[in-house]
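Sequences listed follow chains B and R, in order. This note's numbering numbers the first residue of the first sequence as 496 and each following residue consecutively. This note's numbering numbers the first residue of the second sequence as 21 and each following residue consecutively.
Honestly, the hints are just simulated from the structure, not real lab data. All C-beta atoms in this analysis are idealised placements derived from N, C-alpha and C, irrespective of residue type, glycine included. Please note that the accuracy of each hint is not assured.
Restraint ranges, calculated between C-beta atoms of paired labels, are given here [said to hold, decoys possible]: (1) B:A625 <-> R:Q302: 25 to 33 Å; (2) R:T186 <-> B:A625: 55 to 63 Å; (3) R:Q302 <-> B:L818: 30 to 38 Å; (4) B:D649 <-> R:G220: 47 to 55 Å; (5) B:Q705 <-> R:A261: 23 to 31 Å; (6) R:V49 <-> B:A773: 39 to 47 Å; (7) R:A242 <-> B:T741: 19 to 27 Å; (8) B:I704 <-> R:E245: 19 to 27 Å; (9) B:D664 <-> R:G168: 42 to 50 Å; (10) B:L819 <-> R:L318: 41 to 49 Å; (11) R:G264 <-> B:T741: 33 to 41 Å; (12) R:G238 <-> B:A625: 42 to 50 Å; (13) B:D649 <-> R:R101: 30 to 38 Å; (14) B:L752 <-> R:E282: 53 to 61 Å.
Residues from chain B shown here face chain R by an in silico Cβ test under 8 Å; the list is partial [claimed, not checked]: (15) L510; (16) P514; (17) A556; (18) L798.
Quick list of in silico lysine to any residue cross-link-like pairs, SDA-like style, CA-CA up to 20 Å [claimed, not checked]: (19) B:K703 <-> R:E162; (20) B:K735 <-> B:V759; (21) B:K727 <-> B:K755; (22) B:K703 <-> R:D218; (23) B:K703 <-> R:R221; (24) B:K703 <-> R:P181; (25) B:K755 <-> B:D797; (26) B:K703 <-> R:P299.
What follows is the residue order along each chain.
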Amino acid sequence: MTLLSRLGATLPQILWLLPLALLPLVVSSQRRTLVSAIAAAPADALSRTIGWALRLAGIVAIGGLILALSGPYRSGETITRTGIGAQISMLIDRSGSMNETFAGKQPSGAEESKAAASRRLLADFVGSRAHDQFAVTAFSTSPMLVVPMTDRHDAVRAAIAAIDRPGLDYTNVARGLGMALPQFGAGAAQVSRVVLLVSDGAAVIDPKIQGPLRAEFAKIHPNLYWLFLRTKGSPSIYDKPAGEDTPQAAPERHLDLFFKSLGVPYRAFEAEGPEQVAEAIRQIESLERDPIPYTEQRPRRDLTPWAYALAMAGLLVLVAGKLLEADLQGGSRAAAGRTAPDDAADERRLAA
Amino acid sequence: MNRFLTRNFRDRRLQALAAALLLLAMTFVVSTVTLTRNMVDVLAVVDITGSMNVRDYKRPDGTPTSRLETAKAALRDLVTRLPCGSRLALGIFTERRPFLLFTPIEVCRDFSPLDGALDALDWRMAWEGDSRISAGFYRAIEMAAGLGTDLIFISDGHEAPPPPSTGGAGFEGKPGAVRGLIVGAGGYGLSQIPKFDDRGRETGFYGETDVQQENRFGPPPADAESRPGYEPRNAPFGATAAHGTEHLSSVREPYLRKLAGETGLAYAHLEGPGGLFAPVMQAATPRPMPGSFDLRPLLGSAALALLLAVYAVPPLRARLRRRGTPAQRWKKA
């Protein structure tokens, strides 16, 4: 029953032609011969068998061809297996400063901008493990969903390839997080979920949004990694400002404090050059080694050759029947009687 | 023995059956042939500025829907129709520049993330409110040239703030270097533009005084002298506030056609949530790629036709003949 339910056709409409396969029951493929009295030749079992065999062959040939034309297949299956990997929602800063180098200058010559470095390193990261799933969200003033959670690594790499294009205005982390978090969707909770924030700055998170964000983090409970691309001379995550210690004065430090207060596994990586970015990505990769269920699509199997083979078998019998055909009245155009060989004579009984 | 074999060989029906058998045998040998098919590589840039929220399209069920939603539906429809191997890159436009979301993605293998990304397009992605379409459009052409793709630029052509009376900056690139299509979104009649607050909730529509009705940078327009209160030094644009319909929106087709004309692109109007395939295939550069063509249905249907003829032709012929002449014996082939 399960086997039957997995059979399908690409063009099922063609199957409406199947009644045509009954044609051999009505008409014979053999020549018609006039016999003055059908009773002249006694009915015999051999003739009858050959007659039915030819009819059946006709049915099989026509039916097989119609079946083949409809494109029969056994549908593929989706098998769920378990591999090593994680669902990773990448949140990438596309603010204008990402196009500067780690030294805070416009890149020149062999220098690499922060965006170009993260593009290169993240592209290597995507696809290094076959079963990771990625979503990409970009943010500056407003968040932009680039690619929803997918295991199609080509598409993710295409999204990452765009991140060193000229960036936009500001760094609005809160709204970006608000869009990156829902990407996990409902699903198996035991899957390792990762939010990877790549940014070169931080911003004050509006106290009004802090509450909803906390609730969202508590619900999804992802592992949070912040890859902070620190520009030379700019404050570190761990620097206490000389003056007042407010979020406005030291947004990086306070974003770090906010992340620490979320109650989710959190790590910040401060990178001051491409090598450190690579090292941070390596560490994240080694930390996320949990099993993840993934689906494998077993391709569907084309049954067309079988249908053609069936039709061919029927056709072979028909051709043989036609080859061995002989007439009661012999080959001459005149109706003079000539006894046909016995085996061929049997087949004449099909006629009329 | 030989005599009846030769006679059998001359039987049309045997010949037909043998031909059918040969065709069937060929399905196992030459199942597919390779031939070149035309794919396209295209960058779609979608205008997500405020005027694209105007609801002047209708869903199939008759409820109104916005230009942006219709443009998204049309792009999603396009992706399902493009031949496999074609690739689509996606960018959004607001302010004065396009923003590339991703480089080209193959439309069949990676259909699901591509479809998801198109579905996720939202006016809330906009980083600034201006809508300087010509500037954004010219830069979209540069972006397409950089990616080596063609361009689909979907916009309603509504510049905000309005361009100066002298017209904006012209196109500096080489017309026709990038091929593609401008798609004009929106109805031909004026409609109200919805207004949203800073939390994204709709709060009404733009009124006449909410938007800039006239661009007063640069030299005044030619008719300025006839305006009330005109004074060459102190009131070169006249002394009264500008009135106009900039707070209402329709598709600015002449403007978009002009942009298309000066850059060598084609123009098409977005009629609904579909219909982009034909104009895109027409405007885009065909990129021949090897594809495979299944010959088996051709061979199989020819064999089926022969086989059916073997059974159906003699009785039909007999019937025809019976109608014409009195009963006659079967003619032996």
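**Report entry** Distance restraint evaluation - L819 of chain B, L318 of chain R, Cβ atoms, bounds 41 to 49 Å
**Finding:** violated (31 Å)
**Report entry** Range hint compliance [Cβ, L752 of chain B to E282 of chain R, 53 to 61 Å]
**Finding:** Because 54 Å falls inside the window, the suggested range holds.
Query raised in the report: Could one say that the CB atoms of Q705 of chain B and A261 of chain R fall in the range 23 to 31 Å?
Result: violated (43 Å)
Query raised in the report: For the pair G238 of chain R and A625 of chain B, does the Cβ-Cβ distance stay inside 42 to 50 Å?
Result: About 58 Å separates the Cβ atoms of G238 of chain R and A625 of chain B, which means 42 to 50 Å is violated.
**Report entry** Hint consistency between K755 of chain B and D797 of chain B [alpha-carbon to alpha-carbon, up to 20 Å]
**Finding:** violated (55 Å)
Requested in this report: Given the hint of 47 to 55 Å, check if D649 of chain B and G220 of chain R actually sit that far apart at their C-beta atoms.
Outcome: violated (33 Å)
Report task. For the range 42 to 50 Å, tell me whether the beta carbons of D664 of chain B and G168 of chain R fit it or not. Result -> violated (28 Å)
Query raised in the report: CB of D649 of chain B to CB of R101 of chain R, is that within 30 to 38 Å?
Result: For R101 of chain R against D649 of chain B, whose Cβ atoms are near 21 Å apart, the range 30 to 38 Å is violated.
Query - Proposed proximity, K755 of chain B with K727 of chain B (alpha carbon, max 20 Å) - result: violated (24 Å)
Query raised in the report: Regarding the pair K703 of chain B and E162 of chain R, is the alpha-carbon distance no greater than 20 Å?
Result: violated (41 Å)
**Report entry** Verdict for A625 of chain B, Q302 of chain R (Cβ pair) under range 25 to 33 Å
**Finding:** Between A625 of chain B and Q302 of chain R, where Cβ atoms are some 40 Å apart, the hint is violated.
Query raised in the report: Once the shortest beta carbon distance from P514 of chain B to chain R is found, is it less than 8 Å?
Result: It is violated, given that the least Cβ distance between P514 of chain B and chain R is near 12 Å, above 8 Å.
Checked against the numbered hints listed earlier, the structure breaks hints 1, 3, 4, 5, 6, 7, 8, 9, 10, 11, 12, 13, 15, 16, 18, 19, 20, 21, 24, 25 and 26; every other hint is satisfied.
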